[in-house]
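Visitor: Line by line, the protein sequences are chains A and B.
Numbering-wise (the numbering used here), the first sequence opens with residue 3 and increments by one.
Numbering-wise (the numbering used here), the second sequence opens with residue 3 and increments by one.
Only true hints are included.
Stretch-level coverage of chain B by chain A, calculated; a stretch enters the list once three of its residues show a Cβ under 8 Å from a Cβ in chain A:
(1) 39-52
(2) 82-96
(3) 100-113
Every beta carbon over 10 Å from chain B, so not counted as near; a handful from chain A, in silico:
(4) M3
(5) A166
(6) E173
(7) E183
(8) A219
(9) G233
(10) L247
(11) I281
(12) P282
(13) V283
(14) L289
(15) R314
These aren't lab readings, by the way, just hints derived from the structure by calculation.
Positions of the beta carbon are idealized from the N, C-alpha and C atoms, including for glycine.
There are 2 protein chains.
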Amino acid sequence: MTRILALAGGVGGAKLAYGLAARLDPAALTIVVNTGDDFDHLGLRICPDLDTVAYTLAGLNDRERGWGLDGESWTFLAALERLGGETWFGLGDGDLAMHVLRTCRLRTERLSKVISDLFARLGVAHRVVPMSDDPVRTMVLTDEGLLAFQNYFVRRHCAPSLRAVRFEGIEAAAASPEFIEALEGPELEAIVICPSNPILSIAPILGLPGIGERLRARRVPVVAVSPFVGGAALKGPAARNLRDLGFEPTAEGLLRYYAPLIDGLVVDRSDAPGEALDIPVFATDILIPDPVAQARLAGEVLAFTGRLRADRS
Amino acid sequence: MTRILALAGGVGGAKLAYGLAARLDPAALTIVVNTGDDFDHLGLRICPDLDTVAYTLAGLNDRERGWGLDGESWTFLAALERLGGETWFGLGDGDLAMHVLRTCRLRTERLSKVISDLFARLGVAHRVVPMSDDPVRTMVLTDEGLLAFQNYFVRRHCAPSLRAVRFEGIEAAAASPEFIEALEGPELEAIVICPSNPILSIAPILGLPGIGERLRARRVPVVAVSPFVGGAALKGPAARNLRDLGFEPTAEGLLRYYAPLIDGLVVDRSDAPGEALDIPVFATDILIPDPVAQARLAGEVLAFTGRLRADRS
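Build the full structure now, drawing on both the sequences and the hints.
Guide: Spelled out as structure tokens, the structure:
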């Protein structure tokens, strides 16, 4: 049964998730993944964060490009361009199998069931579950107007400034049964918020009805791992997003953003706070480009949650 | 305006269609293509005959394999297999762009409009139109039971014997506007039935409500080109299909099958009838593996239809 519940978005979250999976038995870990970035494109349901986590855990991800499958081919996209189709969203030939099969099965099955089957086929041993089986769509209110997430993220390369973020459908969305099961399970020891974009990747998960209450009700440590090194995001717009909404991309800023939810914070040494914060902070090297570093950080995070648990009892 | 109306199925029909396109201005030719083989697979609408004709006319077809695109890659199918998806139907990575884009556009547009746009993008200059915008699905009653066309054709490799063929939906299907327009146009000079499977590829077109009557009402020659050489089909089950339904794969058999619709028959020299039939027969080399041979046969067919017209006046 789940001892560690990890909340993750895409690339950054997938890296720590890989490390956690390397440290923990399949039964001991549940990774709940943001689906706010999901969208329908060319009639296909695309779930970028789920696929990034699954490809990473299966060792099939392209580490250089940062997304999609290793050894991918691009014949589809070239043919699509010839046909005048929209090519702004990168769809590799192998990746497409996931989108086509998932879209087809979603006509009659819920997302978490489909995901569970398909990811098992990829060789993912640990539980990777969508935050919800219901559609939640991240909409970004920017200085250029309201944009659907992928329009902001891929089409506009995150150029516009954020004014607000809205998760369409979230009021009516239920957390997935697997998420609830892990969260309510008697063996749960800690909840790890992975180094994903707090505003675009983690907020949709925490914003699901009842999830904040359930997290606070559990008497297990909740630890957030910072996605920043030296006050900047390693990838993506997380630092700018936080600033746009009035938070600094620092230990203090993250604590203020995640309060009162978290009990501990893991930050990069370069971001270690000058003076003590209200919660324990563990400073280490959070740059984890390879599996060895990912497993190392995961081990440190697990040890940190262990110390927090011990302090409580 | 259309002078020559060609009726075609897949590979064999596409070869003569290529020859006709080489001989005729785009405005002078309309190629009406069977859609009875169309089916939904993995949530995608596949139109095998339409695509074969278009890929061939655009010079993009793989001539060795006999179907699909030249220079195709197969990453999707390999990934689909890994995911446990159905791989019995060959879907190339580039080919997939057609299926995905068409399926997406069919939600709001009729097939002939979508086809017209997409085929123009491929560089097809001549009009290639579906026989109908409405679904017609060829069902094959065999000694192993009733099979959907692709199950019979691809999955079962045409192994079962035919007892009957049924075109589901045909009573309610309307010939496409472009088909009717070509058929009723004042410039029409001849109708050419391409060397496609008479029972599986041509019968659905001729079986559309009112098409037989309209064809007979036109006072232009209707010429069928035999798909046989030496009493055998070059490819596919056409010869066996005819025999299963009580017709011989010969000039006499084709005349009996197509009567009273056709006014002339083009057969291979090896199949030239021993004695005169009720209609003019032109014997030539109907093996047309390459563009030069295809244009040569098309020229002969057009000249034959010209002579039939001259004889009438």
